[in-house]
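J.: Protein chains in written order, with the working numbering: chain A, 24 to 135; chain B, 1242 to 1356.
It is worth saying that the hints were derived from the structure and are not from the lab. Among the clues, some could well be false.
Stated by the list, open to error - Capping the alpha-carbon separation at 25 Å, the derived lysine to aspartate or glutamate pairs in DMTMM-like fashion look like this:
1. A:K75 <-> B:D1343
2. A:K83 <-> B:D1242
3. A:K100 <-> B:D1343
4. A:K91 <-> B:D1343
5. A:K83 <-> B:D1343
6. B:K1252 <-> A:E65
7. B:K1319 <-> B:D1298
Stated by the list, open to error - Pulled a few chain A residues facing chain B out of the computed Cβ check, cut under 10 Å:
8. F57
9. Y59
10. Q61
11. E65
12. G66
13. Q68
14. A76
15. K100
16. A114
17. R122
18. F125
Stated by the list, open to error - Chain B regions said to be covered by chain A (calculated; three or more residues, Cβ under 8 Å):
19. 1258-1270
20. 1281-1295
21. 1303-1315
The C-beta atom is built at its ideal place from N, Cα and C for all residues, glycine as well.
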Amino acid sequence: GDSVTQMEGPVTLSEEAFLTINCTYTATGYPSLFWYVQYPGEGLQLLLKATKADDKGSNKGFEATYRKETTSFHLEKGSVQVSDSAVYFCASRGSTLGRLYFGRGTQLTVWP
Amino acid sequence: DARVTQTPRHKVTEMGQEVTMRCQPILGHNTVFWYRQTMMQGLELLAYFRNRAPLDDSGMPKDRFSAEMPDATLATLKIQPSEPRDSAVYFCASGLLGDRTDTQYFGPGTRLTVL
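Given only the sequences and the hints, what does the whole structure look like? Please build it.
T.: So this is what it looks like as C-alpha cells:
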C-alpha cells in the first residue's frame, strides 16, 4: 500500500543554516506530494506541493522537487529562521478518493 | 479567509463519559476527514466522508467511536465511553477533492484529555 517515510527528528539548527528534511514515498501510480507544517498549538497548513515528476513546489523560501526515479520529495531551505521552528509532515495522495498518507513528522527547532 | 472550525478546542473529561467533537468544514468542500494525533502514533486517519457519505472508517475503533455528517456544514466525532488512551488531539480537515492534486485544509484541533 501507499506510505511515506521521512527522516526522524528532532532537527536542531542555528539561524541561517541550510535545512534538508528527507522524504521518500511508496505508491502505485504517480501520487501528488505535499509538505505540511504544524506550528505549536495549531493544525497542519499546506506548505507546498508538486503534482508530477520533476515539478518543484516552493513557498516561503522552502523548496521540494518531485523525483520519480528516487521516489523522493526532500524539503530544503537555504537559510532557516527562528520562525521556521515547527513540525514538518510529508504526505502523498494517490487516486484513492482523496486520502493523504502522512509521514511521522519531523520536529525542527531553530536557535538564534 | 475561509477556515475549518472545530469545537471545543480543549476538553477534559473523566473515563466513561461521552465526548462529542464538532467540525464545520469550509463551505463548498465535499470531503471531510477526521485525524487523531498522538506522540506515539503520529497522525492517524480515523474516518472520512465524501458528500456526507462515509467512505472509510477503518481507522476508527468501532465499539466506542462514531462519526457522522448530519448536514453539509457539520461533522461530528463521538466517543462513548471515553478511555484514557483516547487522550489526543483530534483534527478535522476538509477539501474540494475533485482530483489527486487538491489540498486538504485542517482545523485547529480539539485537545482531549480523558482522566
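J.: Now tell me if each hint is right for this structure.
T.: Verification of the supplied hints:
no.	hint	in the structure
1	A:K75 <-> B:D1343	holds, 13 Å
2	A:K83 <-> B:D1242	holds, 19 Å
3	A:K100 <-> B:D1343	holds, 24 Å
4	A:K91 <-> B:D1343	holds, 20 Å
5	A:K83 <-> B:D1343	holds, 20 Å
6	B:K1252 <-> A:E65	holds, 16 Å
7	B:K1319 <-> B:D1298	holds, 13 Å
8	F57	holds, 7 Å
9	Y59	holds, 8 Å
10	Q61	holds, 8 Å
11	E65	holds, 6 Å
12	G66	holds, 4 Å
13	Q68	holds, 7 Å
14	A76	violated, 13 Å
15	K100	violated, 21 Å
16	A114	holds, 9 Å
17	R122	holds, 6 Å
18	F125	holds, 5 Å
19	1258-1270	violated (count 0)
20	1281-1295	holds (count 5)
21	1303-1315	violated (count 0)
Hint violations for this structure: numbers 14, 15, 19, 21, all remaining hints satisfied.
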